[in-house]
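Participant: The residues making up each chain are set out below.
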Amino acid sequence: MSDLDGLYRELILDHSKHPQHFGLAAEDGANATSHQRNPVCGDEITLRARITSDGDAIRDVTWEGSGCSISQASASMLSDLVEGMPRTEARTLIDGFREALRSRGQLELDEDVYGDAAALTGVSKFSARVKCAMLAWVALEDALARA
Amino acid sequence: MTSALPQTIPGLDAAALRADFPILGQQVNGRPLIYLDSAATSQKPRQVLDAERDFLTHANSAVHRGAHTLAAEATDLFEDARATVAGFVGAAPEQLVWTSGATMGLNLVAYAIGNATLGRGGASAARFALQPGDEILTTAIEHHANLIPWQELAARTGAVLKHIPAREDGTLDLDAAASLIGARTRLVAFTHVSNVLGIVNPVAELVALAREVGAVTVLDACQSAPHLPLDLPALGVDLAVFSGHKMLGPYGVGGLYGRAEVLEALPPFLTGGSMITTVTLDGAEYLPPPQRFEAGTQPVGPAIGLSAAVRYLGDVGLAAIHAHESALATRLGDGLRQIPGIRLLGDAAGVERVGLWSFDVDGVHAHDAGQFLDSRGIAVRVGHHCAAPLHRQYGITASVRASAALYNTADEIDELLDAVSGIRAYFGAES
Numbered sequence: 001m002s003d004l005d006g007l008y009r010e011l012i013l014d015h016s017k018h019p020q021h022f023g024l025a026a027e028d029g030a031n032a033t034s035h036q037r038n039p040v041c042g043d044e045i046t047l048r049a050r051i052t053s054d055g056d057a058i059r060d061v062t063w064e065g066s067g068c069s070i071s072q073a074s075a076s077m078l079s080d081l082v083e084g085m086p087r088t089e090a091r092t093l094i095d096g097f098r099e100a101l102r103s104r105g106q107l108e109l110d111e112d113v114y115g116d117a118a119a120l121t122g123v124s125k126f127s128a129r130v131k132c133a134m135l136a137w138v139a140l141e142d143a144l145a146r147a
Numbered sequence: 001m002t003s004a005l006p007q008t009i010p011g012l013d014a015a016a017l018r019a020d021f022p023i024l025g026q027q028v029n030g031r032p033l034i035y036l037d038s039a040a041t042s043q044k045p046r047q048v049l050d051a052e053r054d055f056l057t058h059a060n061s062a063v064h065r066g067a068h069t070l071a072a073e074a075t076d077l078f079e080d081a082r083a084t085v086a087g088f089v090g091a092a093p094e095q096l097v098w099t100s101g102a103t104m105g106l107n108l109v110a111y112a113i114g115n116a117t118l119g120r121g122g123a124s125a126a127r128f129a130l131q132p133g134d135e136i137l138t139t140a141i142e143h144h145a146n147l148i149p150w151q152e153l154a155a156r157t158g159a160v161l162k163h164i165p166a167r168e169d170g171t172l173d174l175d176a177a178a179s180l181i182g183a184r185t186r187l188v189a190f191t192h193v194s195n196v197l198g199i200v201n202p203v204a205e206l207v208a209l210a211r212e213v214g215a216v217t218v219l220d221a222c223q224s225a226p227h228l229p230l231d232l233p234a235l236g237v238d239l240a241v242f243s244g245h246k247m248l249g250p251y252g253v254g255g256l257y258g259r260a261e262v263l264e265a266l267p268p269f270l271t272g273g274s275m276i277t278t279v280t281l282d283g284a285e286y287l288p289p290p291q292r293f294e295a296g297t298q299p300v301g302p303a304i305g306l307s308a309a310v311r312y313l314g315d316v317g318l319a320a321i322h323a324h325e326s327a328l329a330t331r332l333g334d335g336l337r338q339i340p341g342i343r344l345l346g347d348a349a350g351v352e353r354v355g356l357w358s359f360d361v362d363g364v365h366a367h368d369a370g371q372f373l374d375s376r377g378i379a380v381r382v383g384h385h386c387a388a389p390l391h392r393q394y395g396i397t398a399s400v401r402a403s404a405a406l407y408n409t410a411d412e413i414d415e416l417l418d419a420v421s422g423i424r425a426y427f428g429a430e431s
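Chain order of the listed sequences is C and Z.
As numbered in full-length UniProt numbering, residues 1 to 147 make up the first sequence, in order.
As numbered in full-length UniProt numbering, residues 1 to 431 make up the second sequence, in order.
Any given hint might turn out to be false.
Claimed, not checked - Computed spacing ranges between beta-carbons, pair by pair:
hint, chain 1, residue 1, chain 2, residue 2, range
1, Z, Gln151, C, Val40, 53 to 63 Å
2, Z, Asp315, C, Val40, 35 to 45 Å
3, C, Ser103, Z, Thr280, 35 to 45 Å
4, C, Met1, Z, Thr271, 38 to 48 Å
5, C, Leu11, Z, Arg392, 27 to 37 Å
6, C, Ala26, Z, Arg392, 23 to 33 Å
7, C, Leu4, Z, Ala71, 49 to 59 Å
8, C, Val40, Z, Gly133, 30 to 40 Å
9, Z, Asp173, C, Arg37, 43 to 53 Å
Unchecked claim - Here are a few chain Z residues that sit away from chain C, every Cβ distance over 12 Å (derived from the structure):
hint, residue
10, Gly11
11, Gln26
12, Ala62
13, Ala72
14, Tyr111
15, Ala265
16, Ala327
17, Ile339
18, Asp347
19, Val364
20, Asp368
21, Gly370
22, Ser375
None of these hints come from the bench; they were simulated from the model.
The structure displayed is predicted, hence computed values, not measured ones.
Where a beta carbon is used, it is the ideal one built from N, C-alpha and C, also for glycine.
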């Protein structure tokens, strides 16, 4: 597989064409929202979720935005992954995702842990694209901090 | 991809010139590098690298101070460089101020006018002072460097910032300009060639409109200086800026050109060493231009490198360079128009152009398109190219830009066209 095909796995192109959880929910009931922008390319993402008071879980994740296939696919995959997840676990996953993406191809994302998002492993070889893949994850991190 | 155009343009042998540019000989991602990002920064020939290295190896010393032999030699080389670069744009040495680049030059002008507004520079600077309600005019196609300094100047002074609109085809609306430029217009800042559109703008017409009302004109010549014969005094602008690294020169050096009477009347922006005549603890008097605007240590080595760069451009010949790059632009534009799903930005017919096109690929984000091209060894710029308002006008946030220089060949344009024709299929955007 070429580096380019390693970057643009079929799964990534699928998610970018058919994004999951796309379409921002109304603010009623949601208590965690973050808007993130990549000034280099103009990509932007708004992510919204509801953090339950009882189980401290992430619910009703929705997002909208525009950008390259990596940023859009990453938002779609992240939303699938964290729906229903305890916030502490999500924070750990965000940290691990960031570490893998900044590893310049040294670390791989575990498919058992990251699900479809493990397909973003190839991005770590393309330092200029790490910010694209991180955009939605930074939005969730920020939203959790605000909730 | 075939074309009826000749492979080489008479007067310029790009394939031979490439031998002077060491970086162009390398492979990227297993393919020969095709560098089509010269509007962002140009590559540098050996002659420029050697000139800077020779200076640092044999003559490096502080200029305009000291009595030792090296100091005198460095000063001579530095001032010779000024004369060479000034001559390149048709100016006298004292009309050229060294800057770190065009952004610095434009901010220098904006802050100098702000200082004049605060009463600095005495009676001769009063002509630049802005009153609340005075108008600063720029255009809808500017690089952020020729927009934000004027936004800030307007905010500081109470002046009003207005914009000459661009038509869908990328040309400036001169009818609108004629009605916008009026008694309250004090400054008109515009680009010679947009870094997104590549169209050569009608400088003479805009200067004539500005002169009628006594407005100061500021020209961004970044994308024209390396690509076409440039005579700034003949264009009639009051002030103009360019960046060394976009014209085969080093980073960290650029030029601010000014008409003598304008530079003489402007107060300084940065102050400190090297720009004074007498200093007391309470005040100072300043040197005439250009030194008045050159506080602190100057980029001496880069300036000497830039003088080697403009000598190189001059030896090849700007008319030949312009003809070569225009032919590449025609070949690229003609080829891109034939590829389904490609939209050219600023596709005006019958206008003079430099060798660049920006385009949108339907269904594929510019970053993805650029990544695909990179896998073929082709370097292009993707994003808004520091011209976000212009992209917004075209309803997009980013585009792909291919920009040529004297070292690019028709074969490289054909390789790019071949690669672009595969982008939408790769990303499944054809359905």
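Participant: Tell me the hint numbers this structure goes against, listed in increasing order.
Facilitator: Of the numbered hints, 1, 3, 4, 9, 19, 20, 21 and 22 do not hold.
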